[in-house]
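Peer 1: Sequence:
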Amino acid sequence: MSDETDARTRSEERAERAERMAKEGAQAMAEHLQAVKAIDERTVKLRALRLAKEAADAEAKAAAPAPAPKRKRSAS
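Our numbering numbers the first residue of the sequence shown as 35 and each following residue consecutively.
Careful, some of the hints might be misleading.
[As the list claims (entries may be wrong)] Ranges between beta-carbon positions, derived for each pair: (1) ARG54 to THR77: 32 to 40 Å; (2) GLU65 to ALA94: 41 to 49 Å; (3) LEU67 to ALA89: 32 to 40 Å; (4) ARG54 to LYS87: 46 to 54 Å; (5) LEU83 to LYS106: 41 to 49 Å.
[Unchecked claim] Taking lysine-lysine pairs in the DSS-like style, the calculated list, with each CA pair at most 30 Å apart, reads: (6) LYS95 to LYS106; (7) LYS95 to LYS71; (8) LYS79 to LYS57; (9) LYS95 to LYS79.
Keep in mind the hints are simulated off the structure, nothing from the lab.
Quick caveat: nothing in here was measured; it's all calculated off a predicted structure.
A virtual CB, placed ideally from N, CA and C, is assigned to each residue, including glycine.
With these hints in hand, go ahead and build the complete structure from the sequences.
Peer 2: Structure (structure tokens):
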């Protein structure tokens, strides 16, 4: 009887451990996916800011008057 009880107890412990590991794995995966989503959202925001800045810089450069050409020295 004792061997049978020990076997059942070990079996139950293994089942509980497997269930706990599955829950912890699912929670870790959810946390990982949440972190990846946050990174993706920040990337999109930063890309939009960069593109807006580049467009503003290009517009400012186009609106600025061209510098006067430098006079070349004559080789005498």
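Peer 1: Next pair to validate is LYS79 with LYS57; report whether the Cα-Cα distance is within 30 Å.
Peer 2: 33 Å, violated
Peer 1: Does the Cβ pair GLU65, ALA94 satisfy 41 to 49 Å?
Peer 2: 43 Å, holds
Peer 1: Between LYS95 and LYS71, does the CA-CA distance stay at or below 30 Å?
Peer 2: 36 Å, violated
Peer 1: Under the criterion that the straight-line Cα-Cα distance not exceed 30 Å, is the pair LYS95, LYS79 satisfied?
Peer 2: 24 Å, holds
Peer 1: Do the Cβ positions of ARG54 and LYS87 conform to the proposed distance bound of 46 to 54 Å?
Peer 2: 49 Å, holds
Peer 1: Verify the CB-CB distance for LEU67 and ALA89 against the hinted window 32 to 40 Å.
Peer 2: 33 Å, holds
Peer 1: Is the hinted pair LYS95 and LYS106 satisfied, with a Cα-Cα distance of at most 30 Å?
Peer 2: 25 Å, holds
Peer 1: Honestly, do ARG54 and THR77 meet the 32 to 40 Å range at C-beta?
Peer 2: 35 Å, holds
Peer 1: Go ahead and decide if the range 41 to 49 Å is satisfied by the Cβ distance of LEU83 to LYS106.
Peer 2: 42 Å, holds
In summary, the structure is inconsistent with hints 7, 8 from the numbered list given earlier, while agreeing with the others.
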